[in-house]
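Dock chain A against the given chain C, drawing on the hints supplied.
Chains C and A supply the protein sequences, listed in that same order. Going by this note's numbering, the letters in the first sequence line up with residues 5 to 517, in that order. Going by this note's numbering, the letters in the second sequence line up with residues 7 to 354, in that order.
No wet-lab data here; the hints were simulated from the structure. Do not take every clue at face value.
[Unchecked claim] Footprint (simulated), chain C over chain A, 3 or more residues, beta carbon under 8 angstroms:
(1) 153-164
(2) 188-194
[What the hints assert, rightly or not] A partial selection of chain C residues facing chain A, derived with a Cβ cut-off under 10 angstroms:
(3) ARG126
(4) LYS129
(5) LEU130
(6) GLY323
(7) GLY422
(8) GLN431
(9) SER485
(10) GLN488
(11) GLY489
(12) ILE492
(13) SER495
(14) ILE517
These figures come from a predicted structure and were not determined experimentally. Idealized CB from N, CA, C, for every residue including glycine.
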Amino acid sequence: MSAVTQPETLPENVFAADVEKALPPPTTLVIFGATGDLAARKLLPAVYNLRRGGLLPERFHAIGIGRSESGDDAFRAHAREAISSYSRTGIDGDTWESLEPRLEFLQGDLDDHGLYESLGERIAKLDADGPPAQRVFYLAVSPAFFGTIAQSLASAGLSDEAKVPARLMIEKPFGHDLETALALNDEISSAFDESQVFRIDHYLGKETVQNLQVMRFANGILEPVWNRRYVEHVQITMAEDIGIGRRAAYYDSAGAIRDVIQNHLMQLLALTAMEAPVRFDADTVRDEKVKLLRSVRRYTAAEVPDYVVRGQYGSGWVGGEEVPAYVDEEGVPDDSRTDTYVAMRVEVDNWRWAGTPFYLRCGKRLPRRVTEIAVQFRPVPHLPFARSDLAEAEPNQMILSVQPDEGASLRLVAKVPGQSMNVRPVQMEFKYGTSFLGDSPEAYERLLHDALLGDATLFTRADEVEQEWRIIEPILERWASDLQGPEIYESGSQGPGEANRLLAIRGRAWRQI
Amino acid sequence: MTPATATDATPGQEFPERMRWAAKGVSAHDLNAELDRLHRATGGPGRVLALARTLNLIVVPSPDRREKEVERALDGLGHHTPSRTLVLRMHRTARVDAALVMECQMPAGAGRVGLCHDRVVLSMDAARLEHSASFLAPLLLTDLPTVVWLPEAGSDIPDPRLLERTQYVLVDSGSGGHEDLARLADLAAETRVHDMAWGRLVYWRAAVAAAFEPAQSRALLPDITEVELRYEVEGLQAALLLAGWFAARADWRPGAVESQDGAARVVAASADGGEVAITLTAADCQGGCGGVDHVVFRAGSDEIEVGRSGATSSLRNMFAEAIQPEPSFARGYAPAVTAAAAMLNGAE
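Okay, chain C solo, but in the shape it has when bound:
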């Protein structure tokens, strides 16, 4: 069926107002790298769970693209195994039977123009039974192919929005530094309009990250104290207990600063510190994030050692198991100077935050897996309670826990019941797992669904990525010329001792991991 010419002004969908659950329009999802690890662990289970939750349109097809010789049947068997292994809900017969015939496979080389012609023909065949379905291209492949695929899709006429809606979904890393990020954005924008590009930072799909916005902007009591006058400092932590696994080829050239700080932690920083958006829509929210990232102070290369600490894990014990040093991991050169831990002090030079530092840290082979935002409020000016062990009465802290237990808690000081005026900290706590019945969707489910609906609020825009790189660039420059490599820290410890120096004023200390 040919594309329908649209009138200049579309009539309002009078049925949409009463509908709570939004269903995407008819869709053909094309997954590049469909037999790879990301597709198996995240994408295929996400597609399955969206189907299971009734969140996919009736006319939905997924075409997997891979280099391996594989037909539809083999791909379906692979998908079934992946879903059985990684779906948060397991796999049930009915849902799988309805999904299975909608999965197809196309074998080909990503550099081969013929692949894209075949893809066009396959999509046209699927469109034969109704109006053309929107096309969502998910690039679960090495970033080295992003430009090639985007331009090949454009050459084959598959990115042309005038005919039918088309979207391109890509995963980090978005470049290796500012220069390559700009080049990648140029390459993609020559094939797809920015409004068609959905850059995934899967952290933005997590409930707590979204809840951060609700906490801040739907609760009147927080906004008046969310500023330099009441907040002493903020700690944003993403700690992992795992090592690099089999990712040496990528990780050794990226390090923690590119793998985590430049994207996940910069996004968490932006969401924690940004001004309230007027509306919760894609461009308004992203405008506010970009404004915030622009106000982050750029350090000169000479200043970097005063504000940024890097480390690399040595051997040690984690989770009851003895683990090797980073340089002893498979595929890592013996003389590698790659950072597996980064801690940095960030200054936000704007009216709200001037003088209140944000401390960011991430690392591998730390004692436990935890991602959290800890907002430490200023202490009260005077404590009138004598003999009450007030050293223990720490200032209020609000903790937003992103993983593993999504939730929020507020540390207050309370009187211990009894005759004496003893005080101690208590936690007011809310956990998603126990406050709401039903599981939270996986981040990829939420993000994939949003992309199918065309909602880019939780995706990163090109100018955000560029701002993030501008903050990181001087650090990369300094480290490239620095003779001193990262400090070695013992696996299972809290990280390099030098990181404590960043906070060692006014009694500040890192929260224990």
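For chain A alone, kept in the frame of chain C given last:
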């Protein structure tokens, strides 16, 4: 991993409910996943349940003879201090086995909220125990106080790194020999120690402080030359702790304890160069008195006497009080136990 799950819950039962799970060769990740699954499984339509955890409690391995006592204490824990309880045990097999119990108190009546807490028993070999802090780290609940319980004061802490994650250590010096006091003095220098024996002395410390409150009594403080302390037959450690506290507060430097006519005697040097003789005598103290029976301070012909009328048998079981994270529990303990240890070791 070879899991086995069972539940004690029966339909219509109101409280308590216990769900159990056990597996061999587990990882911390397995356990977290199972704890999460059990927590979720407790809720449901018509069942409002909250996880009630006020602290993380790590129990280090104790000798077999203590196991029943430990069990009893932990069984009652949910009533006063619901906790994430991690009990370490040693076995010979080179792996970690786990047994998990989740207990929920389901109150009768509509609209009431039930409370749940969990206990994990981890059996591991000696090599793994030496690195148990790394296994336990992912299991500890963030932002809650963490306490290590040594059911026997002389027990070793299997991995010194456990102390890095701990706000205080719970012990009962009254349950061991007086030689443990030296070890506790070292521990108290490193971390906060909640010694149940110290808790039992709360009446005696308050009573002594009250006895010296009147101006005429306080005036005698610099002139004290003798202290007589009668203690329960099994309570020498308590007596030493109390005597250590006197010495620490009054700035007396105690010498070594000596045996004399069935009593223990210590001579301490006071700040002005004088001597204070402290005599500790065993007595028959029935009905519970916190380990101490009677204290007399002498300054020349004047005497200040403190009796045990306010020390009750409720002081015997201090577990519920000592496990609370109140820092005031340990106030004054470190210098007191250091002085007590100095008496045993010879001199300060």
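Okay, the hints, checked on the actual structure:
Only residues whose C-beta sits within less than 8 angstroms of a C-beta in chain C count toward coverage, and the region 153-164 of chain A has 0 of them, not enough to reach three; the restraint is violated. Here the region 188-194 of chain A counts 0 residues with a CB under 8 angstroms from a CB of chain C, which misses the bar of 3, and the coverage is violated. Interface restraint check: C:ARG126 against chain A, minimum CB-CB distance 40 angstroms, threshold 10 angstroms, status violated. Using the Cβ-Cβ criterion of 10 angstroms, the hint placing C:LYS129 at the interface with chain A is not satisfied: the shortest such distance is roughly 43 angstroms.
Below 10 angstroms, beta-carbon pairs count as interface contacts, and C:LEU130 has none with chain A, the closest being about 39 angstroms; its hint is therefore violated. Contact between C:GLY323 and chain A, as hinted, is supported at the beta carbon level, the nearest pair being about 5 angstroms apart and thus within 10 angstroms. About 9 angstroms separates the beta-carbon of C:GLY422 from the nearest beta-carbon of chain A, less than 10 angstroms, and the hint is met. At a threshold of 10 angstroms, the smallest CB-CB gap from C:GLN431 to chain A is about 5 angstroms, leaving the interface hint in force.
For the restraint placing C:SER485 at the interface with chain A, the shortest Cβ-Cβ distance is roughly 36 angstroms, beyond the 10 angstroms limit, so the hint is violated. The criterion of a C-beta within 10 angstroms of any C-beta in chain A is not met by C:GLN488, whose closest approach is roughly 27 angstroms, and the hint is violated. A cut of 10 angstroms between beta carbons decides the hint on C:GLY489: the least distance to chain A is about 25 angstroms, and the hint is violated. For the restraint placing C:ILE492 at the interface with chain A, the shortest Cβ-Cβ distance is roughly 18 angstroms, beyond the 10 angstroms limit, so the hint is violated.
For C:SER495, the interface hint holds, the least distance from its beta-carbon to any beta-carbon of chain A being 9 angstroms, beneath 10 angstroms. The beta carbon of C:ILE517 is positioned within 10 angstroms of a beta carbon in chain A (closest approach about 8 angstroms), and the interface hint is therefore held.
When the structure is compared with the earlier hints, violations turn up for hints 1, 2, 3, 4, 5, 9, 10, 11, 12 and for no others.
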